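Q: Protein chains in written order, with my numbering: chain A, 1 to 394; chain B, 1 to 274.
None of these hints come from the bench; they were simulated from the model.
Owing to the predicted nature of the structure, the values given are computational and were not obtained by experimental measurement.
It is possible that some hints are incorrect.
[Said to hold, decoys possible] Here are some of the chain B residues that sit facing chain A, going by a computed Cβ distance under 8 Å:
hint	residue
1	E12
2	L13
3	R28
4	L101
5	R103
6	K104
7	V105
8	F107
9	A271
10	E272
[As the list claims (entries may be wrong)] Calculated from the model, a selection of chain B residues having no Cβ within reach of chain A, i.e. all distances over 12 Å:
hint	residue
11	L143
12	I207
13	L255
14	I258
[As the list claims (entries may be wrong)] Under the rule of at most 20 Å between Cα atoms (straight-line distance), these lysine to aspartate or glutamate pairs were calculated in the EDC-like manner:
hint	chain 1	residue 1	chain 2	residue 2
15	A	K13	B	E273
16	A	K13	B	E272
17	A	K88	B	E9
18	B	K27	A	D141
19	A	K188	A	E172
20	A	K88	B	E6
Think of the CB as a built atom: it goes at the ideal place given N, C-alpha and C, for glycine as much as any other residue.
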Amino acid sequence: MSAAITIDHVTKKYRLYHERNQSVKAAIMRGRRARYEEFLALDDVSFEIREGIAYGLIGENGSGKSTMLKCIARILRTDAGSITTRGKLSALLELGAGFHPELSGRENVYLNGAILGLSRREIDQRFDAIVDFSGIEQFIDAPVKNYSSGMYVRLGFAVAINVDPEILLIDEVLAVGDQEFQNKCTDKIASMRREGRTIVVVSHALPSVRALCDEVALLEHGRLIRTGPAEEVIDHYLTEILSIDPAELGIPRRATGEIHLDGVEIIGADGRPLPEPTIGDAVTLRFHFTARERVVEPVFGMSFTSSDGVLVTGSNTMASGIRMVVEPGPGHLDLEIPRLLVAPGRYHITGTVYDREHTTPIHEVGDLHAFHVAEGTLRTAGITSLGGTWRADA
Amino acid sequence: MSQVREYVERRELLTNLVLRELRSRYKRSTLGWTWSLLNPLSSVLIYWAVFGVFLEVDPPVGDPSGQDNFVLFLLCALIPWNFFSNGVMQSIESLVVNAGLIRKVYFPRELLVASTVGGLLVTFLIELGVVIVILLAAGNMVLPWIPVILVLVALQTLMVVGIGLLLSAANVYFRDVRHFITLIMPVLFYSTPIVYPITTVPETWRIAGRSIPLRDIYGYNPLVRLVTAYRDAMYSLRMPAWDTLLYIAVWAIGLLLIGQWVFNRLDHRLAEEV
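The following block holds chain A by itself, in its conformation from the complex (with noise of 0.2 Å):
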């Protein structure tokens, strides 16, 4: 397959200003214009899209991610390197960007196709398509600005979606609208996957991104980190992330650390280690930690992460009313789990210790320990099974 949009060696510089004044007095005062720092938003990116692959941008705030798309729809240019793009393209940067106040919708959507690239006669075709699909066929005659944000945001992706594009970016604008509204976005853009159109995603929210992608670049800094199937490029951002900096999952950093967690080893039934558990299996989770000084009653936690950020299950001694005295030097907890019900896939283990009251953490790893749950006899769908078995003698 081809490469829908290459990219190839960009960099993208932002000026921060430090006094922004855009006149001339203060640019003749000062022999230029107004001073500024250059911002590395994009340093030296390389990587290729290919035609028909849904396409995950991700990284932190500032990582670069956004820039990127805006770069590849034309909207910023770049200060060094190319952008090759084949096939019309279409942007949903912000849904309705161009609509008119004072015009009616009807109006509004002839405007704002034209804006995205189409004629007059295709938006004619398209028209009752696009009114069809935002579902305000009342409201179309009138002037948008009485539009609830709802219906402006229903009418922009509408028309956007419309365009037909071969390449379509998404830049975090399905979190709009209410739920309905969404799946029927989700929807239409999966049915576009189908029709083997390229989409490229930016989003923060990792689990849709795994869902909908197949490939994905890891940005950070304005560097790509890394680029590859989505699970593995996603399971490598969470851990990375994680050990790097825990606050970014909202983990707080300001542990004790009179005990510390070493690790996690899975036990099976017989008491072997089993590195890689079944589905359905009897599993023992030992917490393996060492303790520096004497500590009374500390409270351990683990919870359960699936590779897409999906957080499964946790659990904590406090609440099973375990209390404990640990003495310096290793030691270990356990967590017995009579069957393992998650579905087959990868999975993350967070594990906390914390204080009697369990208000200051000692310690917290976000990524204590990555295993895979490996497919059984028992089949299941979604995230968890129930363990449950049909019958059919009623």
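Based on these hints, arrange chain B on the given structure of chain A.
A: Structure of chain B alone, referenced to chain A:
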């Protein structure tokens, strides 16, 4: 050349943006489009009262039309001037006003300038139509001169788009541009023979013992030539001088090329700066 192709490819968008200008201009006003005629009417009344009545400016007799009405003399220059002045002032703002669009969608940004001028061009043509009716009513058989008038309109439009491109992009980087041009506009207005005939400008001007050919210098202003040509065709009913037409054409095309060139250079970081 690629610019020309881009304009052609996106002419639908240009049409739509012009329609947006026109539709939104008088939305929610009771008089609506009447305003586009009331505004020039009010300025005609003011200039007629001050210059025609109080100062008794004597309009030259049209040759061969024999026309000597001050209001007609004024209209033939004031209406084109209004198009120039409004076109320049509004296109300066056209990028800043549409910042939201520039930051979120890609399309050739020149079209924002072109559509602003396009919207005003429609108004201008309507006003010209009204002026032509008035001229006909006053006995000026202006109909055969309409092709010449349209050529002038076309050249003037290129000129305004060129200046608009130049200044609108500059205004994104230096917001002073608009204020500066606001200051310059009255200077241009009075250094163009709109409310007075060109004959009131002295041929030569004696200063410190030297004589300066003031009328010739005055004539280098392309707006002077443009207004004179409009007046020739509409008021006097004669063919404007060929060298005048050529002079206007060179300026119009030159300004357009310079404007587009500067615009291309400044376009680079428009979405960040606007």
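Q: Next step is simple, just say for each hint if it's right about the structure.
A: Hint by hint, here is what the structure shows:
1. E12: Since the shortest Cβ distance to chain A is 5 Å, the answer is holds.
2. L13: 4 Å, holds
3. R28: 7 Å, holds
4. L101: 5 Å, holds
5. R103: 7 Å, holds
6. K104: It holds, given that the least Cβ distance between K104(B) and chain A is near 4 Å, below 8 Å.
7. V105: 5 Å, holds
8. F107: 5 Å, holds
9. A271: Where the cut-off is 8 Å and the nearest Cβ of chain A is about 5 Å from A271(B), the hint holds.
10. E272: Where the cut-off is 8 Å and the nearest Cβ of chain A is about 6 Å from E272(B), the hint holds.
11. L143: The claim holds: L143(B) sits with its nearest Cβ about 33 Å from chain A, beyond 12 Å.
12. I207: Check passes; 31 Å lies beyond 12 Å.
13. L255: 22 Å, holds
14. I258: 20 Å, holds
15. K13(A) <-> E273(B): Roughly 13 Å separates the two Cα atoms, so the pair holds.
16. K13(A) <-> E272(B): Given that 20 Å is the threshold and the Cα spacing comes to 10 Å, the pair holds.
17. K88(A) <-> E9(B): With Cα atoms ~14 Å apart, K88(A) and E9(B) stay inside 20 Å; holds.
18. K27(B) <-> D141(A): 14 Å, holds
19. K188(A) <-> E172(A): It holds: about 15 Å lies between the C-alpha atoms, which stays within 20 Å.
20. K88(A) <-> E6(B): The hint holds at about 15 Å.
Violated hints: none; the structure is consistent with every hint.
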